[in-house]
Amino acid sequence: MNKTFFHVVKRDDMPLWKAWLIRGATIIIAILLVGIISTVVTGKGFGETYEKMFLGVFGRLFEGKTTMLWKYLQDIAILLSLALALTPAFKMKFWNCGAEGQALMGGLASIICMIELGDKLSYPLLIATIAVTSMLAGALWGVIPAIFKAVFNTNETLFTLMMNYIATQIIAYYVYIKGGGSNVINPVAAGNFPAVGNNKYFVNIVIVAAITVAMFIYLKYSKQGYEISVVGESHNTARYIGIDVKKVIIRTMIISGALCGITGMLLVAGTDHSININSVGGQGFTAILMSWLGQFNPFIMVIMTAIVVFLRLGVAKVADSAQLNSSFSEIMVGIVILMLVGCEFFIHYSIKFNKHKKEVAE
Amino acid sequence: MIIQFICRAILLGVPLLYGSTGEILTEKSGHLNLGIPGTMYVGAISGVVGSFLYENACGNDIANMNPFLAVIIPLVCALVGASLMGLIYCFLTVTLHANQNVTGLALTTLGIGLGNFLGASLINITKSELPSIALTKTSSFFSAKLPFAEKLGWFGELFLSHDFLTYLAIVIAVVATIVLKRTRVGLNLRAVGENPATADAAGINVTKYKYFATCIGSAIAGLGGLQYVMSYASGVWSNNAFGDRGWMAIALVIFALWNPSIAIIGAFAFGALCNANNYIQGLGTETQELFKMLPYVVTIIVLIITSMRKKREYQPPESLGLPYFREER
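If you're matching them up, the sequences are chains A and B in order. The opening residue of the first sequence carries number 0 in numbering that gives the first Met the number 0; numbering runs sequentially from there. The opening residue of the second sequence carries number 0 in numbering that gives the first Met the number 0; numbering runs sequentially from there.
This is chain A alone, in the form it adopts within the complex (with noise of 0.2 Å):
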């Protein structure tokens, strides 16, 4: 009668603690994949490639160390504000694949004004004025594949994605300009976010832990984050209770835009001080697999940047210290997601042997 061993079955709902253990389960077990793999590629002792994956991302703490931590933190942040952007245009179903263009484009307001305006405005006027300007650029970069989603329901994944490279160009136009023909804008001293105990990663930390609280409640307590789940569940049922599902895209994309373009402002006003193409270096996408792995809940996201950001700086560490390129960390973050990816399968289906029923039926 049926001849496969076993079939599939959708479970009704999995305790929440028993769906954590699975997915904490996965990620030990990938950490372990990932030590395994690299102690075979290095040749290196396996207690060996564990030790260099946590100075590669503390350095020397223990000892009273902080510089490396506070890199890790600021690495977590900036990855973590990106994911945050993006949260409120996945839970509404809506793909946003530019989080690198909105970023950059924010990044390009925050360079200009401190380029343009940096001898001319007060400092907090200045700092006021970027953080302005590089919130509406983002905005602008995220609102208008979203006007035209709601309007004609253009396929706003590869919108966004071109999008992204549109933005490179124009910072690439600018960098040449301002580079005087080199490919560098040197560092601006105007502008910058003040280090707080000579510590110049603490108000970028700051601003994306408040950014963390912000959008939790948002999404969690607000009436506009119910509505941006009711859009996400079905636009039909979103226009039956007289949610205006154009506006709610729009609104929604510019939000998330904009803070796509505040982490444009972290990286140049609070980091980097200059601009170039890689200045976001493809952590968009990252940011994508960490808000959909964070079960559009930031305070989850927050875990699982620190496990992405850790295994990146940790297995680089690695490779470098073995003489391998550093790319071997994008595989095994790959390799890491995609276990946890798969790991759902077994939060949401069961598998059920088909032997016992045969017998029955026979």
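What the hints contain is simulated information worked out from the structure, not anything from laboratory work. Even glycine gets a Cβ: it sits at the ideal position worked out from N, Cα and C. There may be inaccurate statements among the hints.
Stretch by stretch, here's where chain B covers chain A in the computed footprint (C-beta under 8 Å, at least three residues) [claimed, not checked]:
hint, region
1, 7 to 20
2, 147 to 159
3, 166 to 177
4, 283 to 289
5, 321 to 329
With chain A's structure known, arrange chain B on it following the hints.
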């Protein structure tokens, strides 16, 4: 100069044509594979590794190399490497019902990392001064041209002077169109992409069609990466040189309205746009940077126009991007 411009456009367009033909097949089965950029990287680097090993086995001497093997080894490597990427994508999205966009993006991260890592490792092995690896000998076999092409003047240069992978790309695109539109297999595949539940009820093995369409599509896309390294870059691999061509191939699918034959013209038009900045007189370097955004702007315009004209045959497959679970009906 116009002839030269067109030939260059064709050369630049071929990787896009392979990529978009592969992606069209995949999308016709209802799967939006955003892993294509990574798959093309893997196809390229697999071919590079294959030909690197073969060149070394022959003592790096062109006299020892068998032209047939020199071509077939990288070709098979590229096909196998790229299909494996397709297989991973399929296993996750078809069997494990994972989210297609997320899986695809993760595969792209993985594929680009793999390409750069293996590329850098080969560069390390050869201890070369430059950050690239040159397989010019293998490339010379790949870019072998018809001997009488040069004698036929502009006609020969325009139509007969290309490498065999260019002709293969066009043949594959035409065959794919015929298979999709004129055969039972194509009809079944389109049914799977439009409405898998109905296709399933009609006795079509949905899973099998999805697997085959995605793996064959990925293999075809992988050839695009190989063509880029062996013909366009004359056998020189350097990290990240392939760039964003994979994304453009995906955009081209929409430009081509899910028809591989239109993709042929689209790919060459994209190639021309990518190259226009080098052929317009009197452009400064900074204006050239602005001109490089042309292909993307055109893609966006095409996207908007196709979404405004709601003609049924111009729409994506009905269930594109949606997972199919048999027991959920």
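Hints versus structure:
1. 7 to 20: holds (count 3)
2. 147 to 159: Three-residue rule met by the region 147 to 159 of chain A, so holds; n is 8.
3. 166 to 177: holds (count 6)
4. 283 to 289: Since 4 is at least three, the answer is holds.
5. 321 to 329: Coverage by chain B holds here, the residue count being 7 at a Cβ distance below 8 Å.
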